[in-house]
Amino acid sequence: MELREYATILMKNWVLIIIAAILGVAAGAGFSLLATPEYQSRTQLYVSVRSGAGTTSDMVQGANFSRQIVNSYVDVIETGVVLEPVVNELGLEMSASALGAQITAASPANTALINITASSPSPQQAAEIANAVGESFKNVVQTELEPDRESGMSPVNLTTTQVALEPSSPVSPNVMMNILLGLLVGLAVGVGIAVLRSALDTRIYSLRDVESVTDKPLLGGIIEDQDVKKQPLVIRDKPHSAIAESFRTLRTNLQFLNVGRSSSVFVISSAKPGEGKSTTAVNLSLTLAEAGSRVALIEADLRLPRVSKYLGVEGGAGLTDVLIGNADLNDVLQRWGRTQMYYLPAGRIPPNPSELLGSAEMDKVIAELEGSFDYVIIDAPPALAVTDAAVVGHGKAGILIAVSSGFTRKPELEAALSTLENADSNVVGVVVTMLPAKAASGYGYGSYGYGDASKADATLEVING
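Just so you know, we're using the UniProt record's numbering here: the sequence shown kicks off at 1 and counts up by one.
Hints may be right or wrong, so weigh each one.
[What the hints assert, rightly or not] Quick list of simulated restraints, FRET-style, between CB atoms:
1. M94 / N139: 16 to 22 Å
2. L200 / D75: 34 to 40 Å
3. E355 / R197: 42 to 48 Å
4. S262 / Q226: 20 to 26 Å
Hint data in this document are derived by calculation from the structure and do not stem from the laboratory. Where is the CB? At the ideal position from N, CA and C, for every residue including glycine.
With the hints as constraints, model all of the structure from the sequences given.
Next comes the structure, spelled out in C-alpha cells:
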C-alpha cells in the first residue's frame, strides 16, 4: 500500500480517528482523577567512619571504607529489622513487608550517601515514614551491625544530612503525562481501526480500486449527484452540471474506443441492481445524440425496466412484442423529442426473458438497428443476477460494466467480469458511477466548465421540443 493510499484512508476515517483521540484523552484524564494520589518524601544519611588517630591516612581509609559498606547498608534498610520498629512506632496498620513496598533506598555512585524515599497516599505520613526509617536504620547500625567498641562508640557514624519534609504535590498520577499517553493511544487505536476497516472493506470507492481488479479500460467516472434519483435525465435537466460533463467525457472516450471497431453496439450492464446502469445508458445515449450521432436505445432489462420510466413513455408495445412477432420494429421504435435518439421500450414483461434476448429475432433487431444508426445502446440486466446480459452481449457487441462507488464490491466486479468472459462476451470497459468529486479529480473526470455551454443550451432546446 502506497503512502498516498494511507493518506486517503486517514482522510476518509478522520472522524473515527478524532473520536478515538478524544476518548483516549478522556480515559487519561479519568484515570488521573480516579487514581489515588501518591506522595513521596526523602531523607538522606551520610555514612562515615571514626578515625582514632585522625591522621590524613586514617581519614582516607575511613572514607574508602564508608563507600564500600554503604551498598550493603542500602539492602538492610528494606528488611524487617529496620522496618518493624517503624510500624510499631507510627502505629501503621500494615506489616513490615507491606511497608517495605513503600520504601526505596539507594546510594549515588561513589558516595557515602544513602537516600531513603517513602511513598504514601498521605503527604504527612510519607515524611513521617521516611524520617522514622532513617532513625531506625541508624539505631540498627549502631546497636546491631556496628555495635560500640571498648571506647564506647560505634566505629560507624550516620549523620542525617536531609530531613524528610511533607511534600506539597503528589508524584502520581501525572495528569499531563496520562492525558498525552491517552491521546497517543487513542490516535494509534483510531488509525489502526481505520487501516483494518480499509483492509476488510472490499467495496470500490475510486477509479484506482477498479484498476486493482481489472485491466479493462476505465471509460469514465460519473460524478455523484443527489438530484439524479428525482431527475435522472441530467443532460436535459442539468446540462451544465459536473455530472453532465462526466457523461460527455464518457461519450468522448466511447467514441475513441469505437474507432476501428466493426460494431457500434454497446451493452450497458452491472454486477448487481442499483449501480446506475440505466441512468448511464439513457444519458450516454442523449450525449451521443447531442454530438450529432443517430442513436438507438434499447430497453433490454425485461425483468426490471427503468428506462421507460425515466423517459416518461411507459406502457405500450415494445421489444418483446417485436421478438414474438406481434409488432413491427418500425412501429414501436420512437423518436424522443427532437433529438437524434430513438428509443425501443421493453414492452410487456415476458416469463422467459433470457430465451427472448438470446433468440435469433433479437439478433435481427440489433442488426437492423445497427445498419440504420451510428450507435446502438442496450440497457441490459445485471450480470450476476441473471444471464440476460451475457446473452445480449454475445457476438460483436461491446459490454460496459457500471460499478457504483461505495456500493459494488471488488469480488462482485470480478465475478461479473468472469461471468461475461466465460460467455464469450466482449467487455470493453468499466464506468464508475456515483463517484465523489474528490475521487474523480485525479483522473480528470467531472471537471466543470470546460464544456460548450452554447451547445448544451441548444441541445436542451431540442430535447424540450
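Right, here's what the structure says about each hint:
1. M94 / N139: 16 to 22 Å: Once the Cβ atoms are compared, 21 Å apart, the range 16 to 22 Å for N139 and M94 holds.
2. L200 / D75: 34 to 40 Å: violated, 55 Å
3. E355 / R197: 42 to 48 Å: holds, 44 Å
4. S262 / Q226: 20 to 26 Å: 40 Å Cβ-Cβ, so the 20 to 26 Å window is violated.
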